[in-house]
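A.B. asks: If you want the building blocks of each chain, they are given just below.
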Amino acid sequence: MISNYLKIAWRNLTRNKVFSFINIFGLALSMAVCLLVIIHVKDQLSYDNFHPRANHMARIISQVTGREGNSLIWASTPLPLGDKLTSNYDLVETITRIYPCNGNGSNGVKDLRLRQAFVDNSFFSLFGFTLEAGNPSTALTAPNSIVLSHRTAEKFFSQGGHAIGQTINLANLGDFVVTGVMKEPVGKSHLLQDAYLSMSTVPQLEKAGKLSAALQQWDLTKGYTYVALKPQATNDQLNTALESISASLMKESKLVGKESFRFEVQPFNKIILSEEMGFSLGDTGSRGKVWAEITVAFVILLSACFNYTNLSVARSLRRGKEVGVRKVSGAMRKQIFAQFIIESMLTAMLALVLGYVLLHLITGQPFSRELTQSDELSLDAATAGWFILFAVFAGLLAGGLPAWALSSFKPVEVLKNLSTVKLFLGNNMRKGLIVVQFTLSLIAIVFTLTFYKQFDYMANADPGFRKDHIITIPVTPASQGILKHELEQLNGITGVASISTIPGKDASGNTRVRTQPGAEPISMDYYFADAAILPVMQLSLLAGHPYTDRTDSLQAESAVIVNELALQPLQIKTPQEAIGKTIWIDDSVQVQIAGVMKNIFHRGLANPYMPLMLRSKPQAGHYLVVSTATSLPATFLVNVESVWKKQFPLYPFEGSWLQEDWIGRNNTVGMVGMLGFLTLITITIAALGLLGMVIYTTETRRKEIGIRKVMGASVTVIMALLSKGFLKLLLLAGCIALPIGYILGFFFLNIFANRVTLGVDLLLISFAGMLLIAIMTIITQIYRVATANPVESLRTE
Amino acid sequence: MLELKHISKWVNVGGKPTFLLKDVNLKVEAGEFLSIMGPSGSGKSTLLHIIGMLDDANEGEYFFNGEAVHSMKEKQRSQLYKRHIGFVFQAYHLIDELTVYENIETPLIYQDIKSSERKAMVADILDRFQIVGKKDLFPTQLSGGQQQLVGIARALIAKPQLLLADEPTGNLNSKQGEDIMDLFKQLNKDGVTIIQVTHSEKNAGYGSHIINLLDGRIDTN
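Residue numbers (our numbering), protein chains in the order written: chain A, 1 to 797; chain B, 1001 to 1221.
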């Protein structure tokens, strides 16, 4: 019987090619989005599944209540908490603290930025990470031991096996001996450290002043505590223990700055996709983002499924007779129901295949990387299973209602006269559906256009400093002197300056500045730069003059340049007045204002102007900024590189054009692409839905149209009559969507300090675009019906 | 074989009941060939639908082979009629998406008959109606008479005791109509009880028995 149903379903699909195309294509579009989301969610859920005791593991987190009563959750906990827990309570079997401390590491040849953390030696017995070299139980016991991740070991020593016993010098922390190399973990983990250091190193580092005291400090933000419970212990018991620890601590109140806090147990498998936390560790994914993705995908799927339902209603007029005949032939209702469900399943499966093809087409596009983070689409059995399960769900969602309704037809009624059949889904509800679909599409159009306009503006706007014809080169402070000298000799270079961070993304730091000791401080961003930065980046001075560069760190810092915006909080009225004024930085450094420069968007255009100061400090520059007078950017960069190679043959050259970096940073091709893609899908589905509605309506009004034509109505009159109803729906959608889109766009733009205006023109263009698409969708069908021969539609059998 | 007692059926039009059938009493014996005649709207089709269990009466009793149809549940009734009754329509009502073979096979599928057995039964009837050559064609590729022939084959495939026909020749030309009526006569001779609704005196004459309906009542017996 199933094969019989499948045969009929297939014949129906191939016979009604337009309908089948609309159904399958619409579902496939929405499925492509859903599949993308399924892959992403599945990837997120696959994190940290490889730890053998994951079910007995937990992390301890802090809940902090501020003076104003606002409650915050922090993923971090004080470092002494672990000792307290193991010495006073008998609940924990294994415990490890993680104390992150990122910095640079060097093996004498290569210098790499490392994500590193001090951990207890129980680290490898608690987590499922394994070592490819070294002894996991002792690797992190001795002070100054370091265990490298597989990739880091490869970067340093090309072959990981040679790493054991080698020395890595960590900036500020001293020399560490490699005692282990981790295997590439079998699954993904939120813990992403490149190197783990032995916790036993910390006391001596604190003693030497290389690390600020933390090991015995009840500072909530320093470390992380992971535990595995004893078999008989429960999370509730641990919670009670933590409760009493925090209660006794509160009495001693050694914690700084916070009114109240307590510790909580977070089960280990709840870490991934947990709520947003302060001081989070590693990549735990975003629960909000995942839910948003699922919601968007589901709305799009629902939209496509309603199209299927709509079209099935349109076709039920034709299929009604078949139902009648089958019932007369002895079919039970459930058999008819099964037949139509199988048909919708078949449609869903075909849509799944097409959706999978679409998924292949969009994977690797910039916008899909927003979701999948990979260019490769690998399909394992479990994912395929989920896909098929999902298609079955989609088939039920789309086909359930029509199948239920069609199977309820009474043979006497449908065989006698089809037009007397009561159709399910009230007309108003179906109209409402069209309005909802177009409202969603229009909101999506308005929002996407706003988004695009804003980021286009930000990529091209003037930040207040020169960004064209500028090359930036990352350097180490020690090596820049010679390079700077060599570059200045190169033909076509107009200036070379040194700065601590490239403006446009972030400041080097933020400090407190006072007009006199004890006064209310103002917060000010700063860069360390030499005076040459002013001409090189075309930062213009409103008053004063550049400072003289310090050549020696023994020489006291004496002069700074502040921006215009810093004047007002310093209670200085005009730039001229500021020159020579004394200010205190951090209460300890007393400097004079040498010059006042124009404001720049040093934190990028998303942020407003902020008080800024340029300070002089020898050997603080991490970048050389080179201004050029060339019209051949590509070849010129090669010239600069050859200068670098002459000085540092072993190190790769990483110089780049600031202009390109700037565009790259403000480039949201991926995000715009994703939004555009989703918008395209919503509008396509809405258009397909409209087409279905038009076909249905014209189908039911054939007789009326025939009568009108016999009475003398012209084709134009009929077309106007048929279109009027739909245009009203579209206008209604416009009335709902445009204000919502405007408000959404308005709030979105408010995030940015520098924003485009959201004008009526953009709203009108969006609406006109939608109207055009809708009219193109319905015009052929309406024309076909309006020109049909009335004799055909009025003939009765 | 079947007996209707005081059968009435009405619909409410503007709050007032309008009778389609009023107090109809009818007894049909096995082997009869009954023709129901009457003008448009006299209730012929409604009566046929009630006999065919596609429709319920509002009042009265209906016995089929001694069983009380009026007090049966939907499921029992469906079981009863799918085994004993075959239907032929004026507009043939073949399923356009199915071939001749598949159309004829449809009732057997719903009676859970095994595939091999179905094949034999369909082959048998195709042979009997001499339409073997047409078995893979779709209904739209056939003439009206041929379509009706398929419709009758479908109605007979499950070997029903009773064949109900609603204007079986209404859409056919006179030659085709005669062929169909001759076939009915032959079927009746082979033991199938037939009830047909018709406008045509001539076709009614093929029956062994005629009743006339007028405004929902049996006029002359």
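It is worth saying that the hints were derived from the structure and are not from the lab.
By construction, the Cβ of each residue, glycine as well, lies at the ideal position given by its N, Cα and C atoms.
Misleading hints may appear alongside valid ones.
Residues from chain B shown here face chain A by an in silico Cβ test under 10 Å; the list is partial [as the list claims (entries may be wrong)]:
1) HIS1049
2) PHE1087
3) ASP1096
4) GLU1102
5) THR1106
6) LEU1108
7) ALA1155
A.B. asks: Please go over all the hints and tell whether each is borne out by the structure.
C.D. replies: Going down the list of hints, with the structure as the test:
Evaluation of the B/HIS1049 hint against chain A yields a held restraint, the C-beta minimum of about 5 Å falling below 10 Å. Here the hint on B/PHE1087 is kept, as its CB sits about 5 Å from the closest CB of chain A, short of 10 Å. With a least beta-carbon distance of about 8 Å to chain A, the hint placing B/ASP1096 at the interface is held under the 10 Å criterion. The interface hint given for B/GLU1102 holds, since its Cβ lies 8 Å from the closest Cβ of chain A, which is under the 10 Å cut-off.
Because the beta carbon of B/THR1106 sits about 5 Å from the nearest beta carbon in chain A, less than 10 Å, this interface hint is met. Hint on B/LEU1108 holds. Least Cβ distance to chain A is approximately 9 Å, under the 10 Å limit. Using the Cβ-Cβ criterion of 10 Å, the hint placing B/ALA1155 at the interface with chain A is satisfied: the shortest such distance is roughly 9 Å.
The structure is consistent with each of the numbered hints, conforming to all of them.
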